[in-house]
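Student: Start from the sequences, fold in the hints, and give me the full structure.
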Amino acid sequence: MNDAKPTADPHDDDTASSEATRTTLHELADAGVSVWLDDLNRPMITDGDLQEYVERGVLGVTTNPTIFATALSEGDAYSAQVATLAGSTVDEAVFALTTEDVRNACDVLAPVHAATDGLDGRVSIEVDPRLAKDTRGTVEMAKRLWAEIDRPNLLVKIPATVEGLPAIAQTLAEGISVNVTLIFGLDRYRGVMNAYLTGLEQAREHGRDLSTIHSVASFFVSRVDAEIDGRLEEIGSEEALALRGRAGLANARLAYQAFEEVFSTPRWHNLADDGAHVQRPLWASTGVKNPDYPDTLYVTELVAPSTVNTMPSKTLEATVDHGALTGDTITGRYAEAQQVLDDLERVGVSYAEVVELLETEGVDKFEKSWAELLESVQTELDKAVADA
1 MNDAKPTADP HDDDTASSEA TRTTLHELAD AGVSVWLDDL NRPMITDGDL
51 QEYVERGVLG VTTNPTIFAT ALSEGDAYSA QVATLAGSTV DEAVFALTTE
101 DVRNACDVLA PVHAATDGLD GRVSIEVDPR LAKDTRGTVE MAKRLWAEID
151 RPNLLVKIPA TVEGLPAIAQ TLAEGISVNV TLIFGLDRYR GVMNAYLTGL
201 EQAREHGRDL STIHSVASFF VSRVDAEIDG RLEEIGSEEA LALRGRAGLA
251 NARLAYQAFE EVFSTPRWHN LADDGAHVQR PLWASTGVKN PDYPDTLYVT
301 ELVAPSTVNT MPSKTLEATV DHGALTGDTI TGRYAEAQQV LDDLERVGVS
351 YAEVVELLET EGVDKFEKSW AELLESVQTE LDKAVADA
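Anchor point for the sequence shown: position 158 equals 158 in full-length UniProt numbering, and the numbering is continuous, going up by one each time.
Simulated from the structure, these hints should not be mistaken for lab results. Be careful, since some hints might not be right.
What the hints assert, rightly or not - Here are the simulated lysine-lysine pairs, BS3-like style, with alpha carbons at most 25 Å apart: (1) K314 - K365; (2) K289 - K143; (3) K314 - K289; (4) K133 - K365; (5) K314 - K368; (6) K383 - K368; (7) K133 - K368; (8) K143 - K133; (9) K383 - K289; (10) K143 - K365; (11) K289 - K365.
To be verified - Derived DEER-like restraints, expressed as beta-carbon distance ranges: (12) S73 - G48: 17 to 27 Å; (13) T46 - Q339: 29 to 39 Å; (14) H269 - A226: 36 to 46 Å; (15) T89 - E239: 33 to 43 Å; (16) E367 - I235: 25 to 35 Å; (17) L241 - T212: 45 to 55 Å; (18) D328 - P294: 13 to 23 Å; (19) D187 - T212: 27 to 37 Å; (20) A386 - P294: 49 to 59 Å.
Remember, it's a predicted structure, so these values are computed and weren't measured experimentally. Where is the CB? At the ideal position from N, CA and C, for every residue including glycine.
Tutor: Quick look at the structure:
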């Protein structure tokens, strides 16, 4: 496999970080883990906070409807642009507001993108979550976002629903780089990787340069533990309780095993020979939900080459402050991980039921956040019209 780590240090310039200023984030990059920040708002860009994160070792940014809804409800950073959008529909206004932030963030990350030959320096924006079960609508929205933001370091986020899989392939075939989100189960993850390879094959048939297409597959971690831990506590047996806090890591490690398998097949190597990049696993939902667990659990225990870890700022700061790296904590632990899932089934926790529920809940949560975003923007638009 290629793409194991950044091909160049994005901080290796005339003002390069000295050893004294290196952080755990740089150490993770050395181990093949790209640290991305799971947060974005306009003040972060205009006040220089995002640039500071980059200087500390952050190599990318992810966003979602919840993050945008929060950003737009706080302060007046968006008021001036909202005023120019008076008379627009709320959907038009949300599109303009969010794409503006992501475009500007792409520009901040552009030097990282250049220094890593396009591997990192990526900023993600999600298609309208109301389209999660609409294949054609998702593809059309992805094309609109790609054209509007018009930056090579953009990733368009598409959820890994059944309807999302063909949308992923079709979007990639258009030459658009994709962040596949809301992956919880191993079977669905294999479907995502198949969609990626299919998309690349179609892109090649269309004569596209495969080296310009990038993708990550966002595999959610802490939500798996939160759901399964609750079920284990309801069961209450000693064996069940001993399994708490182990499912999320086991699931992610088995996902990495699947990643290694798929990206070592002849089908993959045929694409790699034409310049294709691996679709890196991205560990998402890496902030612990249980305060009894170490706050860097889903960082230090998920270290392996060719991965991304997108962290909320609290988890990122904890990692810099006291994250203790012990090398690769994934490869070679697949039998142990499979045993955890087997033990869960034996005590009465259905893996298939859990991952299906989490996907449904994930889509619902994003839709609710989107509704909140629309409501808050509509309120601001109404004010702008009244003040005009």
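Student: When you take the CB atoms of D328 and P294, is the distance between them in 13 to 23 Å?
Tutor: For P294 against D328, whose Cβ atoms are near 18 Å apart, the range 13 to 23 Å holds.
Student: Assess, step by step, whether the Cα of K133 is no farther than 25 Å from the Cα of K365, and give holds or violated.
Tutor: Since the Cα atoms of K133 and K365 sit roughly 15 Å apart, the hinted pair holds (cutoff 25 Å).
Student: Between K383 and K368, is the straight-line Cα distance small enough, at 25 Å or below?
Tutor: Distance of about 23 Å is within 25 Å: holds.
Student: Could you say whether the range 49 to 59 Å given as a hint is met by the Cβ separation of A386 and P294?
Tutor: holds, 50 Å
Student: Check the hint pairing K289 with K365 against an upper bound of 25 Å on the C-alpha distance.
Tutor: At roughly 16 Å apart (the allowed maximum being 25 Å), K365 and K289 satisfy the hint.
Student: Would you mind confirming whether the straight-line C-alpha gap from K143 to K133 stays at or under 25 Å?
Tutor: Holds: K143 and K133 sit about 17 Å apart, inside 25 Å.
Student: Sort out whether K368 lies within 25 Å of K133, counting only the CA atoms.
Tutor: holds, 15 Å
Student: Confirm or reject the claim that T89 and E239 have a C-beta distance inside 33 to 43 Å.
Tutor: violated, 55 Å
Student: Quickly compare the C-alpha distance for K289 and K143 to 25 Å and report which way the hint goes.
Tutor: Violated, at roughly 35 Å.
Student: Is the gap between the beta carbons of H269 and A226 within 36 to 46 Å?
Tutor: holds, 38 Å
Student: Holds or violated: K314 with K365, Cα cutoff 25 Å?
Tutor: Within the cut-off at roughly 21 Å; holds.
Student: For E367 and I235, compare the CB-CB distance with the range 25 to 35 Å and indicate the outcome.
Tutor: About 31 Å separates the Cβ atoms of E367 and I235, which means 25 to 35 Å holds.
In summary, the structure is inconsistent with hints 2, 9, 13, 15 from the numbered list given earlier, while agreeing with the others.
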